[in-house]
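Protein sequence lines correspond, in order, to chains A and B. Residue numbering for the first sequence follows this note's numbering, beginning at 1 and increasing consecutively. Residue numbering for the second sequence follows this note's numbering, beginning at 1 and increasing consecutively.
Everything labelled a hint here was simulated from the structure, so no lab data went into it. Hints may be right or wrong, so weigh each one.
[As the list claims (entries may be wrong)] Which chain A residues stay away from chain B? Per the calculated CB distances, all over 10 Å, these: (1) LEU13; (2) LEU35; (3) ILE97; (4) PHE252; (5) MET260; (6) GLY306; (7) SER314; (8) ALA343.
[As the list claims (entries may be wrong)] Which bits of chain A does chain B cover? Going by a derived footprint, with three or more residues having C-beta under 8 Å, they are: (9) 138-147; (10) 230-242; (11) 297-305.
Positions of the beta carbon are idealized from the N, C-alpha and C atoms, including for glycine.
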Amino acid sequence: MLTGLFDIPVLGLILQLLDFLLNVVTVNGPVILSLATPLALGAMCGVISERSGVVNIGIEGMMLASAFSAWLVASVAAQAFPAEPGFFFGVTPALLIGLAAALATGVAFSLVHAWLSISIRADQIISGTIINIVAFGVTAYLDLLLSRTSQPSGGKFVAFAPPQALLDLPVIGWLFRMVLAQGPITMAAIVIAVVFQVLLFRSRWGLRTRAVGEHPKAAETVGIDVIRLRYRNVLAGGLLAGLAGAWFTIDFGTTFQTGMTNGRGFIALAAMIFGRWHPIGAFGAALLFAASGALGTAIRTTPPPGQLGEILISIPEQVFSALPYLVTIAVLAGVVGRSVAPAADGQPYEREATH
Amino acid sequence: MRSRSIALVGLAVVAIIASACSSAATPVPGLKIGLVTDVGTLNDKNFNQYSWEGAQAGASAIGAQAPQSAVSSVSADIAKNIQSFVDQKYDVIVTVGFAAGSDTIKAAKANKGIKFIGVDQSPCLDASGVEDPTFGCKGDAAALLPNLVGIQWKEQQPGYLAGIVAASISKSGHIAAIGGTAAVPAVPNYMLGYASGAKSVKSSIKVELQYISPAPDKAAFADPAGGTAFAKQLLAKFTDVDVLFQVAGLTGNGVLQAACDAKIYGIGVDVDQFLSTPDTAKCTVVSAEKKLSKNVSDQIQKVKAGTFKAGTAKLDIGSNDVGLSPFHDSASLITPATQKLIDDAVAAMKAGTLKACDENAFGGCNIPK
Numbered sequence: 001m002l003t004g005l006f007d008i009p010v011l012g013l014i015l016q017l018l019d020f021l022l023n024v025v026t027v028n029g030p031v032i033l034s035l036a037t038p039l040a041l042g043a044m045c046g047v048i049s050e051r052s053g054v055v056n057i058g059i060e061g062m063m064l065a066s067a068f069s070a071w072l073v074a075s076v077a078a079q080a081f082p083a084e085p086g087f088f089f090g091v092t093p094a095l096l097i098g099l100a101a102a103l104a105t106g107v108a109f110s111l112v113h114a115w116l117s118i119s120i121r122a123d124q125i126i127s128g129t130i131i132n133i134v135a136f137g138v139t140a141y142l143d144l145l146l147s148r149t150s151q152p153s154g155g156k157f158v159a160f161a162p163p164q165a166l167l168d169l170p171v172i173g174w175l176f177r178m179v180l181a182q183g184p185i186t187m188a189a190i191v192i193a194v195v196f197q198v199l200l201f202r203s204r205w206g207l208r209t210r211a212v213g214e215h216p217k218a219a220e221t222v223g224i225d226v227i228r229l230r231y232r233n234v235l236a237g238g239l240l241a242g243l244a245g246a247w248f249t250i251d252f253g254t255t256f257q258t259g260m261t262n263g264r265g266f267i268a269l270a271a272m273i274f275g276r277w278h279p280i281g282a283f284g285a286a287l288l289f290a291a292s293g294a295l296g297t298a299i300r301t302t303p304p305p306g307q308l309g310e311i312l313i314s315i316p317e318q319v320f321s322a323l324p325y326l327v328t329i330a331v332l333a334g335v336v337g338r339s340v341a342p343a344a345d346g347q348p349y350e351r352e353a354t355h
Numbered sequence: 001m002r003s004r005s006i007a008l009v010g011l012a013v014v015a016i017i018a019s020a021c022s023s024a025a026t027p028v029p030g031l032k033i034g035l036v037t038d039v040g041t042l043n044d045k046n047f048n049q050y051s052w053e054g055a056q057a058g059a060s061a062i063g064a065q066a067p068q069s070a071v072s073s074v075s076a077d078i079a080k081n082i083q084s085f086v087d088q089k090y091d092v093i094v095t096v097g098f099a100a101g102s103d104t105i106k107a108a109k110a111n112k113g114i115k116f117i118g119v120d121q122s123p124c125l126d127a128s129g130v131e132d133p134t135f136g137c138k139g140d141a142a143a144l145l146p147n148l149v150g151i152q153w154k155e156q157q158p159g160y161l162a163g164i165v166a167a168s169i170s171k172s173g174h175i176a177a178i179g180g181t182a183a184v185p186a187v188p189n190y191m192l193g194y195a196s197g198a199k200s201v202k203s204s205i206k207v208e209l210q211y212i213s214p215a216p217d218k219a220a221f222a223d224p225a226g227g228t229a230f231a232k233q234l235l236a237k238f239t240d241v242d243v244l245f246q247v248a249g250l251t252g253n254g255v256l257q258a259a260c261d262a263k264i265y266g267i268g269v270d271v272d273q274f275l276s277t278p279d280t281a282k283c284t285v286v287s288a289e290k291k292l293s294k295n296v297s298d299q300i301q302k303v304k305a306g307t308f309k310a311g312t313a314k315l316d317i318g319s320n321d322v323g324l325s326p327f328h329d330s331a332s333l334i335t336p337a338t339q340k341l342i343d344d345a346v347a348a349m350k351a352g353t354l355k356a357c358d359e360n361a362f363g364g365c366n367i368p369k
């Protein structure tokens, strides 16, 4: 129908490009959303803690440690409680125990971070850095010890199979496939993003969180317990990082590999900034990052035919993988709209003497 | 203030101990063997791990101390890790991977008293004994660097056999292989062998050969989630592909995961992945192997026995140093006719009448433009 227009010079090329982009997104919707999941959850972990004034760059380490414990605990639990996969998401007791272990690990690491940055008032960047190093070292060491016994893992959640009729719907069928043909952690991430967005801007907790992140002294004078609120938010962030970690080993994959988060915790921070410290914004940024990765892959593996393909192939593929970060830099520099961190972000809060 | 410093220092100490544990190289007395990994991890259930097991087996066979390992997180670590073994006066240094080739040549040139074993390497020197980036290889590596042996396999041969299997079990006539990067010759060797093996069974078969990364980096060999995503994307585009060969190390373990998820056949690489990665065993039909462990162990034993031969040890199917793994649970897929094709190909390659790909002067494959 439209192909006739593709022959028009320049405009035809742009139309071909749009057609190609649409094709990449519709064909690869499920993969893009899957890959966006750990980035989105990590970014929301950043949002919840930074909105209350605590910088968290330990997301990478929290995710890695949680991925490890989800895998290890699920694997041990599968031996103890062998069970057939359930109807929904192939759930087994082992997987649920593994998921719980991942969440607990995320919370445990964030408790260390909260204690250091809120109670002890240590440098939050150093604390996060140490968490990253500890998590990498400990998991690498334990993985090395465990690799001598090559025991099977506890399996993984199975992606939901939506009814074929939905997928066959014209125009919007791909959207159903993208959102519904997913494991439980990805689906949970979507729900969390929406709920978190509403809570942050429409609830008492959200108002208090933002107040504490912008001006903790003022918040304290109206009776908000700054320390307690920051603790709660950082621990909630740990839950999100734990969920992101579980995605690696019991949802998308089944085994732990040393350093398998591979920098995604830092990319999550970029998504948080790009999303301007909004949960939905962070999710959108994560989707964009994942989509640009998929685009780079698509251009290499299945380039569009004709002139457009030749042009795209001639661009070094590194450009496509660098694209999201260039955009992040542009956003940070205020070129494409401004992204401003909460005013008290990273500043430890010290109560004034009361007597 | 004080408790803050104590807490941070305490955590920092834990961090240093924890990170040191995974890559420590503590000095031990006696004959010392050190192994420097390729970029990735020691327990990648693949290339590094099996080279490491070979080093351990070799050390124990000659009654040497247990070897030490140094893990390279980035390619810049390789030279540093080699130097740290040199500084600690190690007797034998094993370097793993094509990417370590240049650093190994430099270290071997500077330390003639130390024996170097380069896994997946073939030292190529000019007449003056310096590495030749143009691959003229005019210098006699064995004479110029009598303390360095590179181990090189003809990966195209097991790749060819894997291609025969793939073409025989494919129902759709459309198969694929995913490699880490074309920049490491072993990867295209496997894949081009796979393609010609498949075409030898069925000339009309469609074979997708795709590489994940342009360079031997983490994305290529150390990112399983990325491998799964890459494979899922390929399978979303080519929905009828029903056999997937992985040539991407740890990243490729994620590729096998994608094959399992899509309920199609997977083929493993380098080691018997039915055993090394049990989670994907149920869809791993076979693996294209090179006998990493045995060959590294052999070289270490040669050092001890005094039969060390410098230059490049070119290993192929003639000495059974490459080949297919057992079929394990998938044996029922292999018909007698398929088995005959495999046996005939092995015999022809051993006799030298069958080239598994368009071979170049160095025993590798010419990559078609």
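Hints violated by the structure (numbers, ascending): Violated: hints 2, 4, 5 and 10.
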